[in-house]
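For the sequence shown, my numbering gives the first residue as 5, with consecutive numbering after it.
Hints listed in this document are in silico derivations from the structure and should not be mistaken for laboratory results.
You can take every hint at face value.
For lysine to aspartate or glutamate, the following DMTMM-like pairs were computed, each having C-alpha atoms within a straight-line distance of at most 25 Å: (1) 131 / 97; (2) 487 / 431; (3) 80 / 211; (4) 198 / 221; (5) 381 / 490; (6) 198 / 188; (7) 453 / 390; (8) 447 / 390; (9) 479 / 431; (10) 404 / 427; (11) 487 / 473; (12) 489 / 378.
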Amino acid sequence: MGTTMRGWIHKATEPQILFPAMGVLILAVLWGATWNLIQIERAAAEHAAAVSSAELLDTYEAQVVRAVREIDLTLKSVKFAFEKNPKPGTLGELGARGLLPPDLLFAVSIADRNGAVVASTRPLGVKNVADREYFQAQRTGDDLSVSLPRQDPDSGEWTLRFSRRLNSAGRAFNGVVMVSVGADYFMSGYDPVKLGDRGVLGLLGTDGVFRARRTGDVLSYGDSVDYATAIGPAGQDEMHSYLGANPWDGVQRFTSARGLFDLPLAVVVGLSREEQLAPVAASARQYVRRAAAGSVGIILIVGLLGRMSWRLAKTRREVVEAQIEHSERVEYLAYHDGLTGLPNRSLFTKLLQQALAQARRNDRRVSVLFLDLDRFKHINDTLGHEAGDQLLQEVARRLKACLRESDTVARLGGDEFVVMVPDLTNESYVAGVAQKIVSAIAKPFILLKQEFRVTGSVGISTHPQDGLDEQTLTKNADIAMYKAKEQGKNTFQFYSEQLNVDTLERLTLETSLRHAAERNQFELHYQAKRDIQTGRITGMEALLRWRHPDLGIVAPMKFIPLAEQTGLIVPIGRWVLRAACMQNVAWQKEGLPRLTMAVNLTQRQFADPHLLVDIASILESTGMGPGYLELEISESMLMQNVGLTLQVLSGLKAMGVRIAVDDFGLGYSTLATLQQFPLDTIKIDRSLIRAVAHAPDDKEITGAIIAMGRALSMTVVAQGVETKEQADFLRDHACDELQGFYFNRPVPAAGFGDLLRAESALGVRTLAAHTAKRSA
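Make the full structure from the sequences, and use the hints.
Below, the structure is given as structure tokens:
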């Protein structure tokens, strides 16, 4: 212990350490004192600002209370006189007796029980106030009411109306008496000398709506805020002030607020922190300049004294760094390939062993990909080893570009590479990695200013099913690689035969999907949407079907996600839009009813930058009226990128295209959320409809969605309706339209055309009777 302590003391007294340490200590003391002085002055200024804010609040509160009490006294005087002798001339008599305030600032008026203004000391610009919130409030209460600020359309002046209830002889509601006053009347107490340019003076209702607010020369009216937030946090200091960002403009202020006793109002006073602390900031800058000047002198002195010690330390450091660099270089060469810079066999073996141990602890899988270049010997023999080395270096770069940071690629020797993919949760991912590697290797190489092509064969083995240790996994991946070569090279092969079959099936399905449109394998089926009351067809939805020559009808849930992942959904979606529009135009030309055609958009289609141009082109080329096209997007797509969603939806609405939100009810959209989007239709998710007949929660959710849609004036469609009980529930809750197997299944164009013709021939009444008979 003694030897160690002496060693530390010796190092600390060395010049290259001692002088800088002394300089740092002196600077720390200097800047600590400066910072402490600044903090003391700032705290004093903040306290003074808080006190000033509270004092200004007391003054403003007194002004407002006095003004409101005078107004309320007028209201009570008129109320007393009118209830004693209810006649229109009451205001004239009170005015003649000098009991009314001057009409230059105040307008006193009386409205009867129906809201009609029957008397006023000056014209109000409104003849009936029955729809105003203060009139409705006086029907059930007798307290003083303060209206929301309203702007006079002629003068542009914002006014407030203070009102009280008038009663008949039997204490029944008999109208209201009102005093109208300019809202800026309550802002006349704003003193720029005391409040500054960014201070605030506000009259806030307990409903969270500012009756008037002033900041500098700017007046605002009717802004809504959270009342509790605006008033400030509970437990304020003894001066009833708090420092924080005001919710209405985000400015940091020393804010004082207080609710007025027995009145539905609160007063708010705020002093800008920036303005109040401006003198402190100026002093702080002066202190910092002085401290900086002193620091420069200290640094110069310490620098001169430490010059020699710094040179000595630098020399010692260079020696140590050279030794470390040499050791690191030796270690690097022991574990890395000198040509490509990739890990070599030794390092790869260690990393794979560590990954396998971690996989066993976490119940994860690890895959090993063994890569061998096809025709590499031909490159070496014809172009020489220099070109071969250049090729290997480019292969290494391409391999690293195909992998995650957590994956490892190593060169075993020659043209053999091996890849480790740890923490594997989905084995299909490794197939994608192998395909990326094969595709990357197949791209042309520029060697000696000429283009050459080579390919790669990849074998894949996965822990634990294909091996439990490093040697077994590498060997099995090597075996799988030779199987890939036997299958024609330029491909990959799984050691697991079953996974290989699944991968090949997916690749085959993807290949077939790429040619399905040009081989006319796609077709559209149509499902009707019907009016819930009459049973009449109001529109239809186009549904894509794939008729594969070998597999038969391929389920949409099997090929649509694949098309979405590969990007094929974009050209397929264009085909669906064009085919649906052409079919609808054909039915219209035949004289059948002009109905709306609904087409679904996937996430990738919606994000396509050419979507609006494609839709406009399709509508123009097919002659389809934009008002007969309805595009359906899912509820989740609305919220993924609100800015992009609004831009695209606005473009569609500008064309005249209808917009529906599909599968609604599974997300978290609210009334406020939906209001910001230009939507025409809500389609309730079929999972809610399926349980609506027996699940109380789903009944409540479905009823709420229908009510919300009607409140937004949108058409509400229930999809997936399969039973009479479901239809009856939706009819009872005033849902607009139904869609589902209860009426008809999706049918090809010919069958749906027959359905339209039958409805036209039978008439709406006959069809409704037919539907009722079928329901019974």
